[in-house]
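*Asks:* Please arrange chain B with the ligand on chain A, whose structure you already have, making use of the hints.
Chains as they are written, first to last, in the working numbering: chain A, 1 to 218; chain B, 1001 to 1215.
Take every hint as true, because none was put in to throw you off.
Calculated cross-link-like contacts (lysine to aspartate or glutamate; reagent style DMTMM-like; alpha-carbon spacing at most 25 Å): (1) A:Lys52 with B:Glu1071; (2) B:Lys1125 with A:Asp127; (3) B:Lys1125 with B:Asp1106; (4) A:Lys131 with B:Asp1196; (5) B:Lys1008 with A:Glu136; (6) B:Lys1079 with A:Glu65; (7) A:Lys180 with B:Asp1060; (8) B:Lys1125 with A:Asp185; (9) A:Lys102 with B:Glu1071; (10) A:Lys80 with B:Glu1067; (11) A:Lys102 with B:Asp1066; (12) B:Lys1108 with A:Glu136; (13) B:Lys1079 with A:Asp127; (14) B:Lys1079 with A:Glu94; (15) B:Lys1125 with A:Glu136; (16) A:Lys80 with B:Asp1060; (17) A:Lys80 with A:Glu165; (18) A:Lys180 with A:Glu165; (19) B:Lys1079 with A:Glu89; (20) A:Lys52 with B:Glu1072; (21) B:Lys1079 with A:Asp57; (22) A:Lys102 with B:Glu1072; (23) A:Lys80 with B:Glu1072; (24) B:Lys1008 with B:Glu1187; (25) A:Lys180 with B:Asp1013.
Now the stretches of chain A that chain B is said to cover, found in silico as 3 or more residues with beta-carbon under 8 Å: (26) 66-73; (27) 78-89; (28) 105-115; (29) 122-136.
The hints are simulated quantities; they were obtained by calculation from the structure and are not laboratory data. Nothing here was measured: the structure is a model prediction, and the numbers come from that model. Glycine included, every Cβ here is placed at the ideal spot set by N, Cα and C.
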Amino acid sequence: MFGILDRSHETGASEYQVPYGALKPIRPHCQKANTPTVKKTVLQNTWVEHLKRIQADQDQRAFAELFAHFAPRVKAFLMKSGASPSMAEECTQEVMATLWHKAHLFDPSRASVATWIFTIARNKKIDALRKQRRPEPENLEWGPEAEPEAADILVLQQESQQLTEAMTALPSQQRELIEKAYFGDLSHSEIAAETGLPLGTIKSRLRLALSKLRQTMK
Amino acid sequence: MNNMTQIKHHLTDQLLIGYAAGTLPEAFNLVVATHLSMCDSCRAAAQAYDAIGGAFLETDAQASMDEGALEETLALIGKGPSAAKPMAASDVPSPLGAYIGGGLGDVKWRSVGMGVRQAVLSTSKSATARLLYIPAGAAVPDHGHRGTELTLVLQGAFRDATARFAAGDVEVANEDLNHTPVAEIGEDCICLAATDAPLRFNSWIPRMAQPFLRI
Ligand SMILES: [Zn+2]
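With the rest of the complex left out, here is chain A:
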């Protein structure tokens, strides 16, 4: 259901009948066909509760804990993307302030907190470093009946954790290749120079790494 790196779900494209009408965007949550049986598990270390406390109570202690965990990660990501340390510092503070102001938009059935923060940081990178606007898909409107369900939240958060664990478990060389491929830095000659591997080997390693990830998601 999460479909990480797996587009096979699309081959049977008859899943959705999209009413096209006057170019209206589609609506979410029309895919609850097979609600999984969910074991009663407590969500740990997902930060979801922290965001709820920020949204509901403007809880500064919850924010401080989130900040301590994520701000250094966002800063490192921005520096890796080419920002100077002082620019990365400033942008990171703006990212974390955006998190506070947009906490009510966070949907734990669609993203982990880390994923959500990543998207804010990525958009900041495009805005501040690349000086471009970032077109985002039309917001999905939440009617009262479309309130995310606890089971959906649990599954999404667990799968995100598994993905993170899988990423951590990868041999560092494979992990690096995936990251380079993801961020578009996969210049073949550069990788060959870096790893001393010919192109064919790099490609098969990448496939191996991706299939390992996919395996873990099942």
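*Replies:* Showing chain B with the ligand alone in chain A's frame:
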């Protein structure tokens, strides 16, 4: 317009990854965001690729924040959120509406000959986005590509040598594709197209027209 339409031609994984990682030119991001607004399946895939970015963020290096960073951020929060621009009502998905400044009725079309009209949208220079208006039954001049061209159908349908593309479908054309898109009889076809290289037309008249096309 009221019949059920099913999207058959989707974004490639490469484009979805580039959109998630934030490495595409702005014009491509616009096509991707507009397609995602119309396509559940690609939206789910895009969210999965976002999750990979989240996993990198979670497990990657850290850079220590300056002293007093938390207090500064709280002060920043105290100033309130930056005002969001109010969105005008639109008959196109909101990411595209923001670039048009309204709906299809607000587009400033320019004729490019043979009944075809276009409107270039303002994006960063590394790629060009434009709306194309192709009258029912008319053809867009035969052209090859030096780079990648994305064409998303907003209304009507077109055919070329490879397939039929209807509302919501996106065609991803690379250097190898030399094609003549023809709008289907029955309805004028409106597309959002983006290219990261100037098109080169294969016949004489369109080549003359190229400077006016601003591509
Ligand atoms: Zn799609």
